[in-house]
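There are 2 protein chains.
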Amino acid sequence: MSARPGPNRPTLEDVAAYAGVSRSTASRALNDDAYVSAPARDAVRTAAARLGYTTNLAARSLVTRRTGAIALVLSEPEAKVLDDPYFGAVIRAAYAELSTHGGQLLVMFVDNHADVPRVVSFLDGGHVDGALVFAPHRGDLLPGALGTLRIPVVFGGRTHSGRRAQHVVDFDNAAGARLAVDHLVDQGRRRIATVSGPAEHPAAADRLAGWRAAMRDRGVRGRNLVESGDFTIAGGEEAMRRLLDRAPELDAVFAASDPMAAGALRALAAAGCRVPTDVAVIGFDDHPTLAPATTPPLTSVHQDPREQIRAMVEILLRLTTGQQVPGERVVLPVSLTIRAST
Amino acid sequence: MSARPGPNRPTLEDVAAYAGVSRSTASRALNDDAYVSAPARDAVRTAAARLGYTTNLAARSLVTRRTGAIALVLSEPEAKVLDDPYFGAVIRAAYAELSTHGGQLLVMFVDNHADVPRVVSFLDGGHVDGALVFAPHRGDLLPGALGTLRIPVVFGGRTHSGRRAQHVVDFDNAAGARLAVDHLVDQGRRRIATVSGPAEHPAAADRLAGWRAAMRDRGVRGRNLVESGDFTIAGGEEAMRRLLDRAPELDAVFAASDPMAAGALRALAAAGCRVPTDVAVIGFDDHPTLAPATTPPLTSVHQDPREQIRAMVEILLRLTTGQQVPGERVVLPVSLTIRAST
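Here the protein sequences come in this chain order: A and B.
Each residue of the first sequence is one higher than the last, beginning at 1 in the numbering used here.
Each residue of the second sequence is one higher than the last, beginning at 1001 in the numbering used here.
Hints listed in this document are in silico derivations from the structure and should not be mistaken for laboratory results.
Please read all numbers here as calculations on a predicted model, not as lab measurements.
The beta carbon of each residue, even a glycine, is placed where N, CA and C say it ideally should be.
Don't take every hint at face value.
Covered stretches of chain B, going by a simulated chain A footprint (3 or more residues, C-beta under 8 Å) [to be verified]: (1) 1225-1231; (2) 1234-1243.
A few chain B residues facing chain A, derived, Cβ under 7 Å [what the hints assert, rightly or not]: (3) R1045; (4) A1069; (5) Y1086; (6) F1087; (7) R1118; (8) H1127; (9) L1336.
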């Protein structure tokens, strides 16, 4: 026997009877009408849940164009998404933020090009009211393909698709790099290297540009002291080794992510460099478990994925209800959390 | 400017022109008609993705009752889902398995009772073809509420809702406990304790029942050497301490999860007990990163979430295409991976 409907599918009358309210009260409670008392609403919803009563929302969505569901689309190799604690924090924040608005979160993954048409079809098929999208990689077909959706889309972080205007909530990556350089220069550091992220990643590019601009403004030498990692511990460790080979006299390093900074600390320890006495180290993320746990604890540029999701959801909900949202790019401020590595 | 449709929304003719095929070929390629060459199909789908062309699937789904999407519903406190590597493996396996069938994965979380009506409404709203559901906790309203859905549902693991027949794919938890006891008895162990999981969790109950039955069948004393943990490292550590207080002469322990076994190893080390010389330890899961990494490496009952998901998807896809699926509960075999802890 399958889970398909039996002949005794519950009706609205069943729900009303179970909840001990009239049919019209049950209907209003299920349709989010404001003129229903809180106890009656709770009773009706509990009854609906227990009886397995639902309305046909696809049919309704053709009229109202509302489904109550918001997609969170993560366009990253799927293995990386589930290993990276940053995405776990994003998923958790999106769930929590939508819950407070009564929205249903759907998490969707785009692992490669082949997934794009399927995801776009689903998003444009009347099943969701809007989408929150993280798609940072150059060459990703997704941002361009989303450009003609009939539902609103808000991006987390700048994308490479410049063909259409987009709603984007980003952190001020360049300002974060500047905070790091200013702190190091103020402490007397003069040969400041950087471990940058992958060049094809907009946040990494913005952090590198911010580091270059701050170095120039503060008149510090070392604008070619750049080695690139891939946002991982191993990548940061190798990049730091290359920097030490090229410039053993460096006295500070700004890494564009906390995992890369952790790798740099490992390479510095292996080379016998004391942190911060010989070399000061700054990361980026201020990851709540990683940054305080390194040896020594890591000074890091602080960004909170919950703030980003909150701003994205706020914009998306305004767009789904037809409101105008001025401006296209919201840039959230970052700060510097100072610990023992500087 | 929002991401809403411009006046120049692409048409099927645009897609055909971009792909260099006829309108009818483009239509057939987008409708999964078999009589389209693979190169033409690829060209049309790439064109559709680049142009952002989609059909209105909600409208179509009312006719065909097919959306191409399958929900994976995880009914666990959402914080736990994202911290537990087992659920990461389940999500990854579901994505991979559905991808090979061209299905779209939607991950949905049920954190508490308040989420149930919303999730059930979405699932029954014509947006998905079926659902894979993990809902192990007693008192969870979800399994009962899913009983009247018009779409098929397959459960991962036994649930507490016995009101309706369900399709369930489970591991043979009792047989796994028996493998552990047999291995310990064959090695000459005679006072075998167990750290059980939460009593309200069906898999934990089945593992405990299997341990009791095997102890009885092998004529081993110790049927009251049971302390309960909560599937975590800390819970296993505390349960092991209580067991050592009660029965310092015990010579083996079977823990109902790898994290609890890791906690037991910690408590045994703190008490000065050598593993396996003084006390042999067996876990459950054979978690690919945890079990080989404990000190000493952990003998554990092996279960692979990918096999479970594969079986669940196979059953679900047969149900969504209207096929009969005999039997209600599929029980997958488990094995014992022997390492240095026994």
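Comparing the hints with the structure gives:
1. With a cut-off of 8 Å between beta carbons, the segment 1225-1231 of chain B has 0 residues touching chain A; three or more are needed, and the interface restraint is violated.
2. By the rule of at least three residues with a Cβ nearer than 8 Å to a Cβ of chain A, the coverage given for the segment 1234-1243 of chain B is violated, with 0 such residues.
3. Because the beta carbon of B:R1045 sits about 5 Å from the nearest beta carbon in chain A, less than 7 Å, this interface hint is met.
4. Satisfaction of the interface hint for B:A1069 is found here, the shortest Cβ-Cβ separation to chain A being roughly 6 Å, below the 7 Å cut-off.
5. A cut of 7 Å between beta carbons decides the hint on B:Y1086: the least distance to chain A is about 12 Å, and the hint is violated.
6. Annotation: interface hint on B:F1087 violated; nearest CB of chain A at approximately 9 Å, more than 7 Å.
7. The criterion of a C-beta within 7 Å of any C-beta in chain A is met by B:R1118, whose closest approach is roughly 5 Å, and the hint holds.
8. With a least beta-carbon distance of about 4 Å to chain A, the hint placing B:H1127 at the interface is held under the 7 Å criterion.
9. With 7 Å as the threshold, the beta carbon of B:L1336 stays out of range of chain A, its nearest partner Cβ sitting at about 28 Å, so the hint is violated.
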